[in-house]
Amino acid sequence: MSLFLTQSSIGRKLVMSITGLFLILFLTFHMCMNLVAILSAEGYNAICEFLGANWYALVGTAVLAAGFIIHIIYAFWLTVQNRAARGADRYAVVDKPKDVEWASQNMLALGIIMLAFLGLHLYHFWSKMQLVDLIEMAGGDVCSQALENTTNGFYHIVNTFSSPINTLLYIIALAALWFHLSHGFWSALQTIGFNNTTWFDRIKWIGRIWATIVVLGFIVTIVMFFLDGFFGLNILPLLGA
Amino acid sequence: MAKSINITLKVWRQKDAKSKGHFETYHLENISTDSSFLEMLDILNEKLVDEHKEPIAFDHDCREGICGMCSLYINGHPHGYESEVTTCQLHMRKFKDGDVITVEPWRSRAFPVIRDLMVDRGAYDKIMQAGGYISVNTGGTPDANAIPISKEIADEAMDAATCIGCGACAAACKNGSAMLFVSAKVSQLALLPQGKLEAARRAKAMVAKMDELGFGNCTNTGACAAECPKSISLSNIARLNREFLCAKLKD
Amino acid sequence: MSTIDSKIPKGPLAEKWTNYKNTQKLVNPANKRRLDIIVIGTGLAGASAAATLGELGFNVLNFCMQDSPRRAHSIAAQGGINAAKNYQNDGDSIYRLFYDTIKGGDYRAREANVYRLAEVSNNIIDQCVAQGVPFAREYGGTLANRSFGGAQVSRTFYAKGQTGQQLLLGAYSALSRQIQKGSVKEYTRREVLDIVLIDGRARGVIVRNMTNGKIERYAAHAVVMATGGYGNAYFLSTNAMHSNGSVAIQAYRKGAYFANPCYVQIHPTCIPVHGDYQSKLTLMSESLRNDGRIWVPKKKEDAEAIRAGKLKPTQIKEEDRDYYLERRYPAFGNLVPRDVASRAAKERCDAGYGVAPSGLAVYLDFSEAINRLGKDAIKAKYGNLFQMYEKIADENPYETPMMIYPAIHYTMGGIWVDYELQTSIPGLFAIGECNFSDHGANRLGASALMQGLADGYFVLPYTIQNYLSDQIQVPRFSVDTPEFEEAERSVVEKENRILNIQGHRTVDSIHKDLGHIMWEYVGMGRTKESLETAIEKLKDLKKEFWSNVYVPGKVEDLNIELGKALRLADFIEIGELIAHDALNRNESCGGHFREEYQTPEGEALRQDEEYSYVSCWKYTGEGSAPELLKEPLDYEFTERKTRNYKN
Ligand SMILES: Cc1cc2nc3c(=O)[nH]c(=O)nc-3n(C[C@H](O)[C@H](O)[C@H](O)COP(=O)(O)OP(=O)(O)OC[C@H]3O[C@@H](n4cnc5c(N)ncnc54)[C@H](O)[C@@H]3O)c2cc1C
Ligand code: HEM
Ligand code: SF4
Ligand code: FES
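Residue numbers (numbering that gives the first Met the number 0), protein chains in the order written: chain A, 0 to 240; chain B, 0 to 250; chain C, 0 to 646.
If we strip away everything but chain A, and leave its shape as in the complex, we get (with noise of 0.2 angstroms):
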């Protein structure tokens, strides 16, 4: 049975779609989190250090990546499919209908873009945090400052945001990301059948409000702390250290 999952294109769809709304979540979350940073460094740490190297932070990394994985090949893997099946001769003219968005048609293109940025992020973030506990764990070499470091989240978003090229950066890469999510949205509850004629509009506004939301609460965090960095206020986190 689960042969259909690769096999038949609903059910190939089907993949996307959960990894798809399993990434929503997980941004969600994410958002909620980064939000905290704004209030106290003192909490968002203790979120830091509550999804350090442990079992279940890891059981979650992994589960995580693998979302991230699947979602990914299976995009690279439809869109190979999806251009064969177009055929060898392409259209001379091209003319979007007026009802059909811009993201929807482009997004491996929004994809890649996050994949790019995600390289980034990891770099900024997990690669200074949860990776130094882990080769640390596995018995390799970790300088003193750079362990003390791991579970000091709060620090990292100040050092990453005080410069504006990496701000703009993840600014771009949030406005992919609205972009993906403004289509992936409704499309994964469409993908799985959850849609009709009465929900269809719905939907669609739900999907976009969500996706509004998610991007606008990382970008307020990126974009205070960058402010606060850049013109040296001083003033984050609002309930103080």
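Just so you know, the hints here were simulated from the structure itself, not pulled from any lab data.
Note that beta-carbon positions come from the ideal geometry of N, C-alpha and C, so glycine has one too.
Mixed in with the good hints there might be a few duds.
Below are the BS3-like pairs computed for lysine-lysine, each with C-alpha atoms no more than 27 angstroms apart in a straight line [as the list claims (entries may be wrong)]:
#1 B/52 with A/95
#2 C/493 with B/52
#3 C/378 with B/46
#4 C/493 with B/17
#5 A/97 with B/9
#6 B/150 with C/378
Covered by chain B, according to a simulated footprint, are these stretches of chain A (three or more residues, beta-carbon under 8 angstroms) [claimed, not checked]:
#7 72 to 83
#8 101 to 107
#9 190 to 197
#10 214 to 227
With chain A's structure known, arrange chains B and C with the ligands on it following the hints.
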């Protein structure tokens, strides 16, 4: 009121599926704006025949938007820019004097070109043969009023059933997906009590055939529904997904 | 001289079909597998027959010209299908449907056939519903009905304005199921060019593959033609572009009688002609006459002002409108049969009251119905027809009345068949519009779909067994026999002959000439003189075709012009037959109106004493006049009256 316009046509000419195709340019003068797009092509073909050239091959039959035989990708849209019409219902009054009109065949791996603008849509028939029916023999059926069907359900089934099998959905789709077509038939029959009994089997068989024939994976871009001359709704695709997934999960 | 045996079973009218079925010969299941049947056509008649024969276990070969069986011309039927269900409790019955059809056909149909048609009509609806045809329903869940011309009950079942589409898709789905099972083999984009006879029986066909021009041969124990009507002999008609009469003509040349060719139906509500580039005419379903009222201006000045574009129809006051159908036929009003409505429109236009710049149009007005029922109700009933009208005419029929005019629509005449639907060639059957059987001189609305499906689902699958039962010993045929050789040779020769003319006229230009001759001289009103003129002109046109047509390309290739030329050659022959038959029939009946034979009020005047027969035309060779055989029509069960739709 009728007036006439001059236009330039760029038409795809291709000997057969294996040959390489190319565009050819034709100028047409004094085309009445009351004539239909296909009548305009008739005029062009008459001219070509008069010049002892080979006429352009294109499919058509009813010329009133119901048989689904006409096709043509006109200026980037299957059945032209206007919504809810087939190519044969498109009239020249929708074009302006001096327009350049590019006419291409449906392009999709599952629809190989036969000649010029004529393509082979036999794949849609094969999908129907895989399960697009209710298995009932002639005779021995119950009285037509024996099973009442609410007007809403009957109307919804009817809306799905209006698909003319033209192939514009797959032609418009960047993924070459036939989901709108398949979902229309699956929906029509799944909605009606007569068709419910076989709904799971039907959804699985039709989707398997669709995949086998080389159509792409639907990513819900919705170009199909936007270009469908019969306004078949995307909610049918959701129903197909539902029917298919439920069927698979029960296996 | 040959005699005509229509093989009508004995017994009272209502028992004939049952008696027939009780005593006919059948083929047992094991033998069915050994018998091959060719079915030409995938319209309602062909698809339903092929599917049912396949279900029964025969081995079926099914051909059509379109790229898919689902695209046969039946798909275009709009209004509905009749059945004597009496779901509305308005007094309908099998007998009443029978009677209406006989009367509507102006007493020129066979009683036994029509009664059988009415009898099986109810099974058709049951069958279609079981297949998933989404007929219109009432809120309570039961089936809805509307009324059609020539009837005082509501017995027409419909699926929006797309009834033909839904019925054909039902038959196509049954056919698809058999194709999947392997009992039917489907051949699309194939044009049958000839029927092959072996020892006087139909045993196969010669086919042109339309994608590459290759000639193919197929053999079978019996051949069924379901190729539709020949209305395109008039060039402009409501028929699809590929509708043709070629297989009928080939059958005729091989000895099948062509019956009543002059009974051609002119439909009153079509969108008027608007230019000489026009390729076809579009029907506005008869169902519109349920709610639309037909009128022209009462005053000639108003009509002239409208034609000149100085007045709009909406500016004409109620009292200045002439609702001429309601005036002339108070009992049936706008719902008189088609022939009556068409002639009335022509009469008004000829008298100078026509609208549209050409003066060849009348109004079909919905304003009263919209006021009474609301725009939404009208939209729900006729939305797609209104949209279709707007696309073509560029006017909004919710705001201004539609303009309509009669156009060629349906051919009641066709290949002669007996009660078993067998032609005069043993083993060759004809079903659907291509036979002449059930509509007499005029078909009522919503009865063609009924007849096509009756023939295909419920009649032919029985009657063909009566023929096949003594064929079970006959082994499968080879296509390498001299008969097939000869048939293929003559087909290829004909193709080459046409291609080698290399004249100066395109096929369509000659076809348009044919259309003009037919419409002008063999159209709605015919006279002895006009018909004689037509026969002369057709002779010249035939010569013109065979000496001056130009067809480009090669024989063995996809060659659209060659296909059209082959069909045109046959249309010219049909045109001649129509004119001959019309000239022979010195009376007016149904769709055949001879101006010499009318009542003082302009109604058709039948000559029952002399013409109560089916004219069966027998081919006697190239260039010689066809021989007329008569099948007498004895009315045992109904009294023949003058049709009266006035009171
Ligand atoms: C616009 C319109 C609306 C109508 N509306 C109604 C209505 O509301 N109610 C009603 O009762 N009737 C209606 N009619 C009439 C009715 O639709 C037709 O009479 C009926 O559908 C004919 O069906 P058929 O199966 O006999 O032939 P068709 O449907 O014409 O099918 C002919 C088949 O034969 C094939 N064929 C023909 N020639 C060849 C060849 N040489 N080789 C191979 N194959 C061949 C074609 O490919 C096709 O498959 C309407 C007709 C028109 C034109
Ligand atoms: C944070 C990360 C991501 C989230 C939340 C996310 C979410 C989603 C969702 C919900 C869908 C819709 C699934 C469906 O239609 O059933 C989707 C589709 C898609 N995603 Fe992502 N995605 C993410 C990252 C990526 C990445 C990194 C790539 C590619 C490199 C990618 C490529 C695609 C593609 C190509 C599709 C369209 C395919 C389809 O609809 O079948 N995504 N995504
Ligand atoms: S779904 Fe629409 S576009 Fe696709 S085949 Fe049917 S009518 Fe054509
Ligand atoms: S020709 Fe039939 S739909 Fe266009």
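#### Entry: Indices of hints not satisfied (ascending)
The structure breaks hints 1, 3, 4, 10; every other hint is satisfied.
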